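K.L.:
The residues making up each chain are set out below.
There are 2 protein chains.
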Amino acid sequence: MAEAATRRRGRGGGGAARRAERTGVKIETAKFIERNMPLFEVLNEEALQIIETNADILLEEVGVNFVNNKVALDRWKDAGADVDYQAERVRIPKGLARELCKTAPSRITQHARNPERTVEIGGNTLVCAPVYGPPFVRDAEGGRRYATMADFEKFVKLGYMSKWLHHSGGTVCEPTDVPVNKRHLDMLLAHMTLSDKPFMGSVTEPSRAQDSVEMCEILFGKEFVQNNTVMTSLININSPMTFDDIMMGALEVYAKNNQACIVSPFIVGGAMAPVSVVGTLTQVLAEVMAGIAYSQLVRKGAPVIFGAFVTSIDMNSGAPTFGTPEASQILSGAGQLARRLGLPFRSGGGLCGSKMPDAQAAYETAHTHNAALTGGVNFMLHACGWLEGGLVSSFEKFVMDADQLGAMHKMAAGVPYDENAQAMDAVREVGPGGHYLGCAHTQANFKEAFWRSELLDYKPFETWSDEGGRDTQALASARVQTLMDAYEQPALDPEVEKALRAYVAEKKASMPDSFV
Amino acid sequence: MAEAATRRRGRGGGGAARRAERTGVKIETAKFIERNMPLFEVLNEEALQIIETNADILLEEVGVNFVNNKVALDRWKDAGADVDYQAERVRIPKGLARELCKTAPSRITQHARNPERTVEIGGNTLVCAPVYGPPFVRDAEGGRRYATMADFEKFVKLGYMSKWLHHSGGTVCEPTDVPVNKRHLDMLLAHMTLSDKPFMGSVTEPSRAQDSVEMCEILFGKEFVQNNTVMTSLININSPMTFDDIMMGALEVYAKNNQACIVSPFIVGGAMAPVSVVGTLTQVLAEVMAGIAYSQLVRKGAPVIFGAFVTSIDMNSGAPTFGTPEASQILSGAGQLARRLGLPFRSGGGLCGSKMPDAQAAYETAHTHNAALTGGVNFMLHACGWLEGGLVSSFEKFVMDADQLGAMHKMAAGVPYDENAQAMDAVREVGPGGHYLGCAHTQANFKEAFWRSELLDYKPFETWSDEGGRDTQALASARVQTLMDAYEQPALDPEVEKALRAYVAEKKASMPDSFV
Numbered sequence: 001m002a003e004a005a006t007r008r009r010g011r012g013g014g015g016a017a018r019r020a021e022r023t024g025v026k027i028e029t030a031k032f033i034e035r036n037m038p039l040f041e042v043l044n045e046e047a048l049q050i051i052e053t054n055a056d057i058l059l060e061e062v063g064v065n066f067v068n069n070k071v072a073l074d075r076w077k078d079a080g081a082d083v084d085y086q087a088e089r090v091r092i093p094k095g096l097a098r099e100l101c102k103t104a105p106s107r108i109t110q111h112a113r114n115p116e117r118t119v120e121i122g123g124n125t126l127v128c129a130p131v132y133g134p135p136f137v138r139d140a141e142g143g144r145r146y147a148t149m150a151d152f153e154k155f156v157k158l159g160y161m162s163k164w165l166h167h168s169g170g171t172v173c174e175p176t177d178v179p180v181n182k183r184h185l186d187m188l189l190a191h192m193t194l195s196d197k198p199f200m201g202s203v204t205e206p207s208r209a210q211d212s213v214e215m216c217e218i219l220f221g222k223e224f225v226q227n228n229t230v231m232t233s234l235i236n237i238n239s240p241m242t243f244d245d246i247m248m249g250a251l252e253v254y255a256k257n258n259q260a261c262i263v264s265p266f267i268v269g270g271a272m273a274p275v276s277v278v279g280t281l282t283q284v285l286a287e288v289m290a291g292i293a294y295s296q297l298v299r300k301g302a303p304v305i306f307g308a309f310v311t312s313i314d315m316n317s318g319a320p321t322f323g324t325p326e327a328s329q330i331l332s333g334a335g336q337l338a339r340r341l342g343l344p345f346r347s348g349g350g351l352c353g354s355k356m357p358d359a360q361a362a363y364e365t366a367h368t369h370n371a372a373l374t375g376g377v378n379f380m381l382h383a384c385g386w387l388e389g390g391l392v393s394s395f396e397k398f399v400m401d402a403d404q405l406g407a408m409h410k411m412a413a414g415v416p417y418d419e420n421a422q423a424m425d426a427v428r429e430v431g432p433g434g435h436y437l438g439c440a441h442t443q444a445n446f447k448e449a450f451w452r453s454e455l456l457d458y459k460p461f462e463t464w465s466d467e468g469g470r471d472t473q474a475l476a477s478a479r480v481q482t483l484m485d486a487y488e489q490p491a492l493d494p495e496v497e498k499a500l501r502a503y504v505a506e507k508k509a510s511m512p513d514s515f516v
Numbered sequence: 001m002a003e004a005a006t007r008r009r010g011r012g013g014g015g016a017a018r019r020a021e022r023t024g025v026k027i028e029t030a031k032f033i034e035r036n037m038p039l040f041e042v043l044n045e046e047a048l049q050i051i052e053t054n055a056d057i058l059l060e061e062v063g064v065n066f067v068n069n070k071v072a073l074d075r076w077k078d079a080g081a082d083v084d085y086q087a088e089r090v091r092i093p094k095g096l097a098r099e100l101c102k103t104a105p106s107r108i109t110q111h112a113r114n115p116e117r118t119v120e121i122g123g124n125t126l127v128c129a130p131v132y133g134p135p136f137v138r139d140a141e142g143g144r145r146y147a148t149m150a151d152f153e154k155f156v157k158l159g160y161m162s163k164w165l166h167h168s169g170g171t172v173c174e175p176t177d178v179p180v181n182k183r184h185l186d187m188l189l190a191h192m193t194l195s196d197k198p199f200m201g202s203v204t205e206p207s208r209a210q211d212s213v214e215m216c217e218i219l220f221g222k223e224f225v226q227n228n229t230v231m232t233s234l235i236n237i238n239s240p241m242t243f244d245d246i247m248m249g250a251l252e253v254y255a256k257n258n259q260a261c262i263v264s265p266f267i268v269g270g271a272m273a274p275v276s277v278v279g280t281l282t283q284v285l286a287e288v289m290a291g292i293a294y295s296q297l298v299r300k301g302a303p304v305i306f307g308a309f310v311t312s313i314d315m316n317s318g319a320p321t322f323g324t325p326e327a328s329q330i331l332s333g334a335g336q337l338a339r340r341l342g343l344p345f346r347s348g349g350g351l352c353g354s355k356m357p358d359a360q361a362a363y364e365t366a367h368t369h370n371a372a373l374t375g376g377v378n379f380m381l382h383a384c385g386w387l388e389g390g391l392v393s394s395f396e397k398f399v400m401d402a403d404q405l406g407a408m409h410k411m412a413a414g415v416p417y418d419e420n421a422q423a424m425d426a427v428r429e430v431g432p433g434g435h436y437l438g439c440a441h442t443q444a445n446f447k448e449a450f451w452r453s454e455l456l457d458y459k460p461f462e463t464w465s466d467e468g469g470r471d472t473q474a475l476a477s478a479r480v481q482t483l484m485d486a487y488e489q490p491a492l493d494p495e496v497e498k499a500l501r502a503y504v505a506e507k508k509a510s511m512p513d514s515f516v
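If you read the protein sequences in the order shown, they are chains A and B.
Anchor point for the first sequence: position 150 equals 150 in our numbering, and the numbering is continuous, going up by one each time.
Anchor point for the second sequence: position 295 equals 295 in our numbering, and the numbering is continuous, going up by one each time.
Everything labelled a hint here was simulated from the structure, so no lab data went into it.
Predicted model, so just to flag it, every value in this text is computed and none were measured.
Note that CB positions come from ideal geometry on N, CA and C, so glycine has one too.
Since no wrong hints were added, every one of them can be taken at face value.
Computed far set for chain B versus chain A, every beta-carbon distance over 12 Å: (1) Asn181; (2) Gln296; (3) Thr482; (4) Lys498; (5) Ala502.
Just so you have them, the derived chain A footprint on chain B, three or more residues with Cβ under 8 Å: (6) 44 to 50; (7) 53 to 65; (8) 239 to 247; (9) 404 to 413.
With the hints as extra help, turn the sequences into a complete structure.
P.N.:
In structure tokens:
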């Protein structure tokens, strides 16, 4: 990692990055995860082949819609698809989508302005990014309320301070006090100035994707951006089988500028896909292949990620449910399908349906975390902070989940079995009936031996009780405050910051406010 | 299952069982889990072989202690071990322990008095039993307090009412208001009369194991007990490498009576075993092989289970920690070692260190549950109700965890991929831009499609808020009450119940109370 970063700097990329490194405050961030562990794969070869065959059949017989997007239809026609312009329907001959996907890279380097925070997405890696999208925030003190730009900035700061979080994310909450057509500017500025971790670009209009690229050109240098991926952005598919012009327009901007997109069905099973795991996976595969194939028609070699945001539904209430067995099975199966396509894989992280950071939230989050870790996810969006089915970004849950990511790092590191790990001398030294607390092997290894939470309670009952008998949410409130008190803005070249602020001011002045 | 039960009845076993089935109130209990899913195996072949070789070396060079137990030392000497009577040390030549383990069965049928509740332990099965051992109980209303016999009975009733729990367990809490030397009688009586699920016997004195056998002879019939396993009891090893006379005495009673024992190291890593995963696994394997080999010296073919209760330690405070990555790795590795020995495998279930059923409890529990499910556990003790590192049995956590076991059933069932599961007609019917809520496939499948919690909150925010904004603990308190209100005692032949009560009364009258 360090060596790679040096080489990149040697090539002259990222002036801001160079300067940041010279002057930056040292906040420890773990390197992205490289798994040294087996994966859990829920589908057998027969099931995988059935899904792949059926996905091809769906693409050929049913097809997908590219809505309000004649350019896309033309591209598909040129590529050999059967295009119905009237119905905006693209039917893709068997094998074509898969063939087109082959030019997408299997691994993406997403650069951060601080080269130490640059991440690799693909293969055995796992990059964790925070919650994305909620219009509300919640904390123990203030309850649930509409999110503001101040909340957004607080989340970016918490993300910067979270050791086990590799990525600053994108819309960590919707700053509803900023006009819809301008908030992307403030959000990007926050990620660029308040953190030095990698981040995501805007996708709500193609023009906002273009603004994102231009701000990155200020931050990283124009040439660097054209030659390197500095953003990973979230392109949702309107499942079932529909690609709208806004998302495809944003994808086009990013693909043309060599920036990464996650092409991701957004599915509540039973509503946007069949009520079966294999049926849903078939649709997911067809949709992702169509979307990624299209990205390669826009620009061969454009970096893309196989996304899958799929959850189950409570058929009694119609509410989406999270952390369920079916969601885990779909996640695992989607990972297998992505790897067979040779593509990086994204899925959700700490998903839950609970209204507050209670036991339900933690059960559901842990199941999703575990499924993502063992299912081979390369880019875990919503790794921390997600609450209430994605309606709420929670400050307490942010630090709770971010702490859990530390356990994930340790689990992913696998089990060493060298001579020190075998510890035969320790057993010989201690022998039957003894204890290991003071033995030489323990003394030499105890600091690194066991993962230790920086949040959870390990105190004796009496101490815990004397301190108020706090639950996890209360401990998390305190940790949020501790991290915020310790926050210091990472150094950034004042000229770069000035140019970014000028760009934002100018853009904002160029259009009237819009709140729709 | 049903067929097997019929055959057993046809052979004349379990008179009480026959009668219970005729008259019993119908409380639904899921069949024990049969996994139709791959396992997660953390160790590679090389690591496994190193551990096995090292365990053999430890047994031969270091050996194990059988304390205050000349009979055991004699048995080992006769079997070919090197016995130091002075030091009470048994050194077991390479390969001998493994060879002796071969006569232990790979699968155990533990009969319940209601044949529908009989469980299979081994191979692809997973049997869930509740928390075992805490001296305290906790609920939201009364807080933490010493457990009483009334608490014990309430837990047995909750276990009986819990659909996804297969086993009534053993010491679901310590009834501290009953003398130590008599409480096993009341505990067994409660399991036998208040539930019809399988249960565990007493191990705190060999005489109490004998009482357990005799009470089972009243419940099941003497001949049935001698020919069938009706109890699975927990024999802990005093790690490191020490077997005390009380536990070995209890094991002897059970083995001679064809009753199953879990032979289980009780290890807090760093204290009772080395601070490394592989070092700990080596010691676990050596200890379990020695214990199970010994069970086969007592009675060839005695049913036994490879146990592993291993957790990590917080090296700052010395507190045991649960649901940690190292604990999951050890669980996974121990399962691999057990399967290589061809033995059923037991490990912990819903372990956590938290003082209350909050998010910490749920994170840690979910990690342990997941590790046990994917790690191939056949007998999951502490599957529900465990709190505060095993010091507390929690009523709320009991129903919270028991609900989670339903998700485990669904996960274990695997992913069907037959024509119905492929759902191609559904996608064809709905097509791009449609929705699946009303389609024929959804209508036909929605009831079974997704696991649904009977406890967690899936309501809209406004409804949830209007109802008091309850957290999971509050929902669980309500569910405890609902289950208790619905509880009806399963039918039992009045003659059998009378005989059991007479046995208990007579035993109690035969000795003075002891509270130590």
